[in-house]
Amino acid sequence: MGIEIKMPALSPTMEEGTLAKWLVKAGDEVRSGDILAEIETDKATMEFEAVDEGKIGKIVVAEGTEGVKVGTVIATMAGEGADADGESEEPASKAKEKTPPAKPRAASEAPKKAESGTANLASGAKATVADPDLPEGTEYVKTTVREALRDAMAEEMRADDRVFVMGEEVAEYQGAYKVTQGLLDEFGDKRVIDTPITEYGFAGIGAGAAMGGLKPIVEFMTFNFAMQAIDHIINSAAKTNYMSGGQMRCPIVFRGPNGAASRVAAQHSQNYGPWYAAVPGLIVIAPYDAADAKGLLKAAIRSEDPVVFLENELVYGRSFDVPKVDDYVLPIGKARIVRAGKDVTLVSYSIGVGVALEAAETLAGEGIDAEVIDLRTLRPLDTATVLESLGKTNRMVVVEEGWPVCSISSEIAAVVMERGFDDLDAPVLRVTNEDVPLPYAANLEKAALIDAGRVVEAVKKVCYRA
Amino acid sequence: MAKPTTPRPSRARTKKAAPPVGADHNRPRPEAPADYKASREDLLEFYRQMVLIRRFEEKAGQLYGLGFIGGFCHLYIGQEAVAVGIQSALEPGKDSVITGYRDHGHMLAYGIDPKVIMAELTGREAGISRGKGGSMHMFSVDHKFYGGHGIVGAQVSLGAGLGFAHKYRGDGGVCVAYFGDGAANQGQVYESFNMAELWKLPIIFVIENNQYAMGTSVNRSSAEDQLYRRGESFRIPGLQVNGMDVLAVRGAAEEAIKWVKEGNGPILLEMKTYRYRGHSMSDPAKYRSREEVQEVREKSDPIEGTKKYLEAAGISEEELKKIDQEIRKIVSDAADFAESSPEPDLDELYTDVLVEQY
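Going down the list, the sequences are from chains A and B.
In terms of the working numbering, the first sequence opens at residue 4 and continues consecutively.
In terms of the working numbering, the second sequence opens at residue 22 and continues consecutively.
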């Protein structure tokens with residue numbers, strides 16, 4: 004019986020990878036634990052180990068092949084005792100006899116390949132409106148969000164020697180999510196510092212270093228872990244300037260992935276945007292695409308105020324056009340219209356922008372012309388852009404990958420109620436995640452997270468087209 | 022069952038270095054600190070500063086009672102020798118200092134104008150934080166005094182960050198982070214110890230062990246009540262010092278500064294001290310007896326102790342009286358200033374939330 008060796012998923016977000024190198028060839032005997040190949044994922048080069056014993060039959064996918072989808076057969080192996088090149092036609096049922104036969108299931112209840120609910124978030128939709136501040140003819144470079152963030156840090160570190168990066172695995176490991184890749188090589192271990200797993204402590208050390216005149220970038224492996232450090236973010240960093248009557252500053256950037264990740268369940272999946280956006284004294288930024296990630300992170304590092312910079316793991320690997328400009332810095336506190344429209348305004352931020360853009364495309368096919376606003380900064384909130392758009396469309400849906408209660412959506416709804424009431428032709432609707440901790444099971448996860456379909460539905464309601 | 026809590030600050034060990042704990046006997050350790058050999062001028066200055074802190078704090082207590090000062094107000098009375106002994110050993114403008122909410126004494130010992138401190142206590146525009154910080158949140162970046170922090174233990178991590186900045190810039194400065202026996206049980210203290218030693222940060226951790234974390238005695242809250250040992254598992258050497266004796270404190274500070282400046286990384290000083298007043302103004306201090314407080318005052322008071330040194334140096338009672346009078350004048354001027362200064366303009370409500378405009 005031949006065993007099919009399939010392209011493995013080596014990270015929660017990996018969909019495809021490069022088969023960098025085969026370490027075995029046809030006819031080699033392998034034992035479980037032997038390394039078969041090196042595979043490049045979106046984050047790192049990983050070794051792929053054999054699980055079964057046997058002889059390698061055929062290499063199906065040659066080394067150097069890029070874009071090999073997870074689950075593709077990359078080689079075959081003859082099972083224990085079987086003839087490697089015999090291409091044995093043994094019926095599959097026989098092999099299964101070794102294990103007790105599974106209870107027969109009706110086709111409809113057969114377990115399917117788990118599809119994460121985050122697949123619905125990962126549309127990769129692009130803005131259709133270019134940054135109006137860029138001159139015509141600007142060249143663009145395809146860049147992943149991950150690279151854009153790294154480039155922003157590297158450029159600012161070159162420009163200002165007070166800037167340094169600290170966090171878990173930022174240096175020698177090259178970043179848990181590869182965001183700090185290459186920084187250690189360029190800037191050395193004085194400025195790219197691996198910390199122990201001790202968020203409260205290193206957030207405090209970062210804040211203290213900022214008070215002492217440096218410009219730290221503190222990376223949290225994810226913002227879920229920053230809960231351990233939230234005292235320093237709020238009590239030490241955010242309040243210092245005010246409490247000291249403007250004497251003592253704390254120019255620090257706390258950054259890292261925020262929001263739902265894929266199949267990691269409740270403790271590793273949460274959007275802290277509304278938490279930090281509630282705190283006076285903080286700047287809170289949550290970009291969607293690579294250009295904004297770069298331009299806003301550079302602005303954050305230059306700011307004299309403490310900044311919480313919320314990234315999203317699911318978009319790290321997505322490519323967007325980044326303008327090829329010497330020093331691309333964007334203004335903090337300015338939303339951006341990423342799609343112009345006249346019938347309804349969709350307001351969102353971070354990964355929700357992709358969902359809103361996807362919904363807008365569907366709606367266009369149904370004759371509804373949606374304008375999409377990317378808030379980009381959650382504090383201070385650019386309410387002027389939101390209200391101006393409402394004045395044009397008279398209808399609004401807020402799209403947020405996060406909980407509904409006391410959320411950015413709630414805040415937008417309140418602002419519109421207070422200052423845009425006369426412009427409203429329908430109540431503001433919110434499309435948010437369900438009000439539950441994020442579950443692990445793929446189907447439940449999918450049910451808990453926002454998707455474009457829900458946005459389309461909400462838009463039809465506010466347009467009275469349901 | 023709690024152990025007896027009688028404080029014995031006067032019998033605190035000062036004569037020999039902290040013995041190594043565990044098997045690690047071969048690590049280099051700091052020398053046993055000797056009492057500081059103070060000149061006549063030094064002694065007068067220590068006396069002057071300690072009396073200033075005491076009179077200032079008594080006045081603050083009074084103003085609190087009169088309703089001029091609100092909220093929480095934590096007095097430093099009894100602990101004066103610690104701030105004065107340590108800060109007299111630092112280089113102002115180069116070395117940095119950070120502490121918790123019991124911060125008036127450290128500010129005065131760093132030469133910050135008593136008027137602007139008192140005006141902050143009364144919440145006035147002229148206060149050092151323009152009336153927006155209050156007793157617990159005062160800062161003077163010019164003096165490299167970084168607060169004044171209200172969250173127990175936070176100043177230890179922040180202080181490690183200040184030490185980090187000294188090392189990063191290579192400016193030769195040292196950070197002193199003060200915290201109490203209560204803060205010594207906070208988790209972030211140990212996270213900071215770990216990184217401070219790992220990265221050999223120039224920082225002196227000073228535990229002001231005044232025996233009570235609010236109302237809970239050290240023995241009731243600390244499994245290891247010899248707090249100078251708390252750094253040992255991070256390889257941070259600790260010294261236990263009589264914090265009621267300004268010369269012992271200054272001697273230990275000198276040794277600690279030497280240790281840190283030689284690039285050995287952090288050091289921990291446990292200052293055995295005592296606060297005469299309650300934890301804050303609203304604390305009736307029922308957790309200890311009047312006799313206990315009285316005994317410390319009589320036997321170990323840091324100012325009375327310094328007077329004995331002054332006497333031995335041939336300084337007359339008259340000379341000290343003259344200093345006392347000067348101090349009374351400074352403190353009463355500070356109080357007048359703090360009472361008569363205007364409150365902040367209402368527009369100040371919205372200023373300094375952020376540094377920049379967005």
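Please note that the accuracy of each hint is not assured.
[What the hints assert, rightly or not] Below are the SDA-like pairs computed for lysine to any residue, each with C-alpha atoms no more than 20 Å apart in a straight line:
(1) A/193 x B/285
(2) B/115 x A/191
(3) A/61 x A/25
(4) B/80 x B/376
(5) A/193 x B/282
(6) A/193 x B/80
(7) A/193 x B/308
(8) B/221 x A/61
(9) B/115 x A/327
(10) A/193 x B/64
(11) B/80 x B/324
(12) A/449 x A/52
(13) A/327 x A/132
(14) A/193 x B/218
(15) A/218 x B/163
(16) B/221 x A/330
(17) A/193 x B/192
(18) A/218 x B/344
(19) B/221 x A/449
(20) A/218 x B/192
(21) B/279 x B/80
(22) A/449 x A/438
(23) B/343 x B/64
(24) B/115 x B/92
(25) A/193 x B/284
(26) A/218 x B/377
(27) A/337 x B/376
(28) B/329 x B/350
(29) A/395 x A/430
(30) A/218 x B/162
(31) A/218 x B/191
(32) B/115 x B/50
(33) B/221 x A/327
(34) A/337 x B/64
Honestly, the hints are just simulated from the structure, not real lab data.
#### Entry: Distance restraint between residue 193 of chain A and residue 64 of chain B, which requires alpha-carbon spacing of 20 Å or less
Distance of about 42 Å is beyond 20 Å: violated.
#### Entry: Given hint residue 376 of chain B paired with residue 80 of chain B - CA-CA distance at most 20 Å
Distance ~35 Å between residue 80 of chain B and residue 376 of chain B Cα, so the pair is violated.
### Given hint residue 350 of chain B paired with residue 329 of chain B - CA-CA distance at most 20 Å
violated, 24 Å
### Task
Would you mind confirming whether the straight-line C-alpha gap from residue 193 of chain A to residue 192 of chain B stays at or under 20 Å?
holds, 15 Å
### Task
With a cut-off of 20 Å on the C-alpha distance, tell me whether residue 193 of chain A and residue 218 of chain B pass.
holds, 15 Å
### Query
If you draw a straight line from the CA of residue 193 of chain A to the CA of residue 284 of chain B, is it 20 Å or shorter?
Judged against 20 Å, a Cα distance of about 16 Å means the pair holds.
### Query
Going straight from one Cα to the other, do residue 218 of chain A and residue 344 of chain B come out at no more than 20 Å?
Between residue 218 of chain A and residue 344 of chain B the Cα gap is close to 45 Å, so the pair fails against 20 Å, i.e. violated.
### Task
For the pair supplied as a hint, residue 115 of chain B and residue 191 of chain A, confirm whether the alpha-carbon distance does not exceed 20 Å.
Given pair residue 115 of chain B, residue 191 of chain A is violated - Cα atoms ~26 Å apart, limit 20 Å.
### Message
So if I understand the rule, the pair passes when the alpha-carbon distance is 20 Å or less; does residue 221 of chain B with residue 330 of chain A pass?
### Response
violated, 36 Å
### Task
Verify the proposed pairing of residue 193 of chain A with residue 285 of chain B, using a straight-line Cα cut of 20 Å.
Holds, at about 18 Å.
### Query
Are the Cα atoms of residue 80 of chain B and residue 324 of chain B separated by 20 Å or less?
With Cα atoms ~17 Å apart, residue 80 of chain B and residue 324 of chain B stay inside 20 Å; holds.
### Restraint status (C-alpha distance of residue 221 of chain B to residue 61 of chain A at most 20 Å)
Outside the cut-off at roughly 55 Å; violated.
Checked against the numbered hints above, the structure violates hints 2, 4, 6, 7, 8, 9, 10, 12, 16, 18, 19, 21, 24, 28, 32, 33 and 34; every other hint is satisfied.
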